Structures are given as structure tokens and as C-alpha cells.
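Please arrange chain Z on chain B, whose structure you already have, making use of the hints.
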Amino acid sequence: MNVEQISIFIENKSGRLAEITKVLGDAGVNIRALSLADTSDFGILRLIVNDRETAKQVLKERGFTVSKTEVVAVEVPDRPGGLSQILQALDRDQINVEYMYAFVERCGENAVIIFRFDETAKAISTLTGNGFTVLKGARLYAM
Amino acid sequence: MSYYNEEFETLPRQALEALQLKRLQATVARVCTSVPFYRQSFDRAGITPDSVKSLADLQRLPFTLKQNMRDSYPYGLFAAPMEEIVRIHASSGTTGKPTVVGYTRKDIDTWSELMARSYAAAGVHRGDIIHNSYGYGLFTGGLGAHYGAEKLGASVIPMSGGNTKKQILIMKDFGSTVLTCTPSYSLFMSEAAREEGVDFRELKLRVGIFGAEPWSEAMRSEIEEKLNLCAIDIYGLSEIMGPGVAIECCEAKKGLHIWEDHFIPEIINPETGEVLPEGERGELVITTITKEGIPLIRYRTRDITSLTYEPCACGRTHARLTRMTGRSDDMLIIRGVNVFPSQIESILMGIEGVEPHYVLIVDRKDNLDSLEVQVEVDERLFSDEIKVLQSLSQRVEKEIKDILGISCRVRLVEPQTITRSEGKAKRVIDNRKSS
Numbered sequence: 001m002n003v004e005q006i007s008i009f010i011e012n013k014s015g016r017l018a019e020i021t022k023v024l025g026d027a028g029v030n031i032r033a034l035s036l037a038d039t040s041d042f043g044i045l046r047l048i049v050n051d052r053e054t055a056k057q058v059l060k061e062r063g064f065t066v067s068k069t070e071v072v073a074v075e076v077p078d079r080p081g082g083l084s085q086i087l088q089a090l091d092r093d094q095i096n097v098e099y100m101y102a103f104v105e106r107c108g109e110n111a112v113i114i115f116r117f118d119e120t121a122k123a124i125s126t127l128t129g130n131g132f133t134v135l136k137g138a139r140l141y142a143m
Numbered sequence: 001m002s003y004y005n006e007e008f009e010t011l012p013r014q015a016l017e018a019l020q021l022k023r024l025q026a027t028v029a030r031v032c033t034s035v036p037f038y039r040q041s042f043d044r045a046g047i048t049p050d051s052v053k054s055l056a057d058l059q060r061l062p063f064t065l066k067q068n069m070r071d072s073y074p075y076g077l078f079a080a081p082m083e084e085i086v087r088i089h090a091s092s093g094t095t096g097k098p099t100v101v102g103y104t105r106k107d108i109d110t111w112s113e114l115m116a117r118s119y120a121a122a123g124v125h126r127g128d129i130i131h132n133s134y135g136y137g138l139f140t141g142g143l144g145a146h147y148g149a150e151k152l153g154a155s156v157i158p159m160s161g162g163n164t165k166k167q168i169l170i171m172k173d174f175g176s177t178v179l180t181c182t183p184s185y186s187l188f189m190s191e192a193a194r195e196e197g198v199d200f201r202e203l204k205l206r207v208g209i210f211g212a213e214p215w216s217e218a219m220r221s222e223i224e225e226k227l228n229l230c231a232i233d234i235y236g237l238s239e240i241m242g243p244g245v246a247i248e249c250c251e252a253k254k255g256l257h258i259w260e261d262h263f264i265p266e267i268i269n270p271e272t273g274e275v276l277p278e279g280e281r282g283e284l285v286i287t288t289i290t291k292e293g294i295p296l297i298r299y300r301t302r303d304i305t306s307l308t309y310e311p312c313a314c315g316r317t318h319a320r321l322t323r324m325t326g327r328s329d330d331m332l333i334i335r336g337v338n339v340f341p342s343q344i345e346s347i348l349m350g351i352e353g354v355e356p357h358y359v360l361i362v363d364r365k366d367n368l369d370s371l372e373v374q375v376e377v378d379e380r381l382f383s384d385e386i387k388v389l390q391s392l393s394q395r396v397e398k399e400i401k402d403i404l405g406i407s408c409r410v411r412l413v414e415p416q417t418i419t420r421s422e423g424k425a426k427r428v429i430d431n432r433k434s435s
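From first to last, the protein sequence lines are chains B and Z. Residues in the first sequence are numbered consecutively from 1, following full-length UniProt numbering. Residues in the second sequence are numbered consecutively from 1, following full-length UniProt numbering.
Derived by calculation from the structure, the hints in this document are not laboratory data. From a predicted model like this one, the values you see are computed outputs, not experimental measurements. Be aware that one or more of the hints could be misleading.
[What the hints assert, rightly or not] Heads up, simulated BS3-like pairs for lysine-lysine below, C-alpha to C-alpha not over 25 Å straight-line: (1) Lys204/Z / Lys13/B; (2) Lys60/B / Lys122/B; (3) Lys13/B / Lys365/Z; (4) Lys97/Z / Lys151/Z; (5) Lys56/B / Lys122/B; (6) Lys204/Z / Lys151/Z; (7) Lys13/B / Lys387/Z; (8) Lys226/Z / Lys166/Z; (9) Lys106/Z / Lys22/Z; (10) Lys122/B / Lys387/Z; (11) Lys56/B / Lys387/Z; (12) Lys13/B / Lys68/B; (13) Lys387/Z / Lys60/B; (14) Lys401/Z / Lys426/Z; (15) Lys97/Z / Lys68/B; (16) Lys387/Z / Lys365/Z; (17) Lys204/Z / Lys165/Z; (18) Lys401/Z / Lys387/Z; (19) Lys204/Z / Lys60/B; (20) Lys106/Z / Lys165/Z; (21) Lys60/B / Lys13/B; (22) Lys97/Z / Lys426/Z; (23) Lys106/Z / Lys166/Z; (24) Lys365/Z / Lys426/Z.
Chain B with its partners taken away, still in its complex shape:
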């Protein structure tokens, strides 16, 4: 049910993001979704990729600190109010969102929201209980 995201620590200096994307590109890894959180000193790059093992391996070989995190991918109709419904359901059950990011599926009918919760299992049961579609990892990597 859960999706594996890889997270990479990057110092805030020029060229680091370019290097990561080049390393991944050279290794044939395709990025499905990404989010970059940054502070004045460092950033955390979060990626959903088609091939997690290869991505992790090539980045570690280049000296990057990489970790894997479980996130939850939810499908919502790509129309006004779609995201709001999800967040209201989560709020009713007092589930806290650590961070989130979104991408739109290629055919344009649905959007996918990636969530990081501190209580993943509880969050999934709330989401499915309210009729939302939680995507399997395999489906997302192959999108």
C-alpha cells in the first residue's frame, strides 16, 4: 500500500541539484515526482523514482546521504476542491501531515498527492474509509 520515497541531503551550494539529476539520468533512473525543502544551509530533496535501488546506489556511490521513507500516495480528481476534501477528512481524525507535494497524472484527469504522516497506518485507514484511492507503490513507479 505504501510508497517508498528516497530523500537526499544537499548542502545549499550551487551545482548540487544538477549533479544529482545528472547521476540519476546517467543511470537511467526516471523521476516520477519531486519536492525540495530548503533552509539557508541545506535542503532535503525528496524523490519518487521508477527504480529506487539503482537511484539509492548510484547516489551513495557519489557520496550523498540517502535514506528511504514510507509515504502515502492518494489519487484525487483534478478539479477544484479535490485536495480540500482529503485534508478535511484527515483533520476530522486529527491526523497531522508532516509534509506533502503533488503531481498531475499525464492524462490530466487525476492528480496524485504524496503525503508524509507520522502515523501512516492510521492515515491510510482514514483515507480509504472516506473513499479516497490510495495508490500502490508499483503503480506509481510505473506511471
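For chain Z alone, kept in the frame of chain B given last:
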């Protein structure tokens, strides 16, 4: 309470000082006659052997520096002819030529006895099986700990360093009760044992005697928990003797007794050379008063500590040194505060038991010193959440402020940012020196 040489270990202060004076006078006379370096430096200072009339006169004698030993490489400071030298050791010489020391038969006997006393102070006795993982060779650790163990009458396993899997096998099968090695190697062994499926709690180890590098109270707790033994701090240096110059007693574990019937300790201000009163922190200076091979007068050890003569629970009358906090050659003065990299290291070690790579960057902007602590973020420290990483750096900043009283900025950096040269990381970059 168990002593190896009760009479001397508990000698009343007055008798101890009388003995020190007699031995100091003999040593000064010896180096004046047989070591040209001392004859010349005493001449310059206007000192003759009979001008040392009391222990206070020691302060008038010139210092001996490591550089003086290098300049007289290899045998220039020897006070005994080579026919009487039975052993030669040398320091590693990471910054140039090694410093060479020679021992007469009597020096080896003294060293063995002081090491035997040190074992006894740590609670080690006959019947113990001492697993000695200090390196054997030019380094004094291995042979010093070995001869002392034999003198005490314990069984010694001469392991030397390295081959960790075998170390663990032997500790387990031979029933070692005492471990001697560097504190960092002991932790390395505990990690390796875990991978081998060996639990230190099932071993018979009771005491660990750790030295040859500075370590912190935090590291002691970690070692005692992981290795399930009582960890004792031992101090020594090849220039003075080797291991066993000073050791903690197991009764108090509060400062290291320095064997004052053989060494006279002083604490000086490393900047001015002035002798500091009891309890004040500064550079340790040692005068050897029984050595024949290479006696040293007021040798500046560069190690930073303080001295106390307060009576100890163990009954030994010999002064105690507090845990070494660093070396005078890597002491930083930041906004007037003395800071040692080791103090920051022990704060960093407090973070969930990890020991991150770090570097201290000191700078001066608008006449104000600034300290930046760069900490490498590896997988053990990394989190995918910003707030976790930010609270980590804030916590370190706060602890440094609380403990050292200085504000600093902690910056998280990518692994391998910090240059490692010859296995030793460069921990301090002081940009003030170049400006």
C-alpha cells in the same frame, strides 16, 4: 583496598616531599654531568647542581620541549652510556622525526613496578587474565602494559592491536578478565563482537584500562554499558616512561594518581610558563626523578589538566590529575574562552550515541571571533524532515552555549566535506591566523 607497594603509595606528604627533593637533586646532578644540552641550558640559567635546595627551586629550572628531543635525535639526551641501555622506544613522530627514549635495566624495573601499581589501583590482581591489545613495538603501550602485568603476577595475553575477530574469540575462550587498549578500540571491538554474535555481557571482563588518547566521561559511560566492565583512565607518555605515569583508582575514579615518588608534576600557564596554583587548569609539566636512561627536567607535555593534593578515598597520598581535556597546542581561545576540540566532540557524542565527523571553523569578523561547527550528516543523523535536522543543530548550539559559554553556529554539511589526511581528520581551521 589493595596496593602493590603500600609503603610508597601511601607515604605521608612530608616524607614524600623529602624523597622527591633528594631524588631531584640527584637527577639534576646526573644531567649536569652527562647531558651537554642540560649543562648548557643550566649554565645559561645560572643553575648549578647545588643550587637546588628545596622543591620550590624546581621553578627556576628551564623547561624541556619535545623540540629539544627532536634536535638531539636520536640519542643526544641520553644520560647513560649505550652499554647500559637495554631497551629503546620511540613515539610515532606524526609531525617529523620520532622522539627516541632509552631505558636502563633499572628504568625497566621502575616502569614495570609503576605499571603494576597502576593495575592494582584499577582493582586488578594476581589470578586476573589481562588481555593486552595495546600495540607491541616501538610504541610503549604494549610492552609497558605487558611487563607491568607480569610484575603484578597476573596472566597476560600479548594480543597487540588488530585482528579484531581473533581478539573476540580469545577474550571469550580464554576468559579474559581485564582488557587494556585504547578507548576507541574498545568500542570498535564491541561493534565487531555484535556482528559476530558475541555478547560482552557473557564475557568475564571486569576491568578495562584505557589510555593513549583523550576520552570523555560520556565515552566512559558508553564503554561501561557496551562492554559491561569498569572503565579506568590511564595516562602516560613515552618521553616520560610510557603507560602507568598516572592512573585512576577504582575506589574514587576521580582523577589520576601520578606516582610522585618518581615524577614531580607542575601545572603551568601554557602562554606565559608561570606555575599555576592547585586546582587551576593548564599544561602539565613533569620532571622525572629516578630515570637513568633519559631523565627529563620540566618536560612540557602539552596535555591540559589540573592537579589536586586532596586526600583520596583510596588512601593513596599521591596527587591527582583531572581528566585531560586536550592539548595546549590545539587549544583555541575564542572570545577569551579556552576551547578544546575534545569538549565539542564529547557534546557531539551525546547525540544518540553517534560520533559525527566535525570541523571547527574559527574566524574573526569586525574584531569579533566567530565559531562555526560543521557537522557531517550521514545516514545515522539524516532525516527526511527539516524540523528534525534543525532541532539537531539547535540542540548542539545550545549545549555548546551551556557548557562552554560561547555562542556558535552549527552547520550541517554533506559527508566527506571534511578533509581526512593520513586517517586523522583535521578538526580545526583557524582563519584568524592568516588575517
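Violations among the numbered hints: Numbers 1, 2, 4, 5, 15, 16, 19, 20, 23, in rising order.
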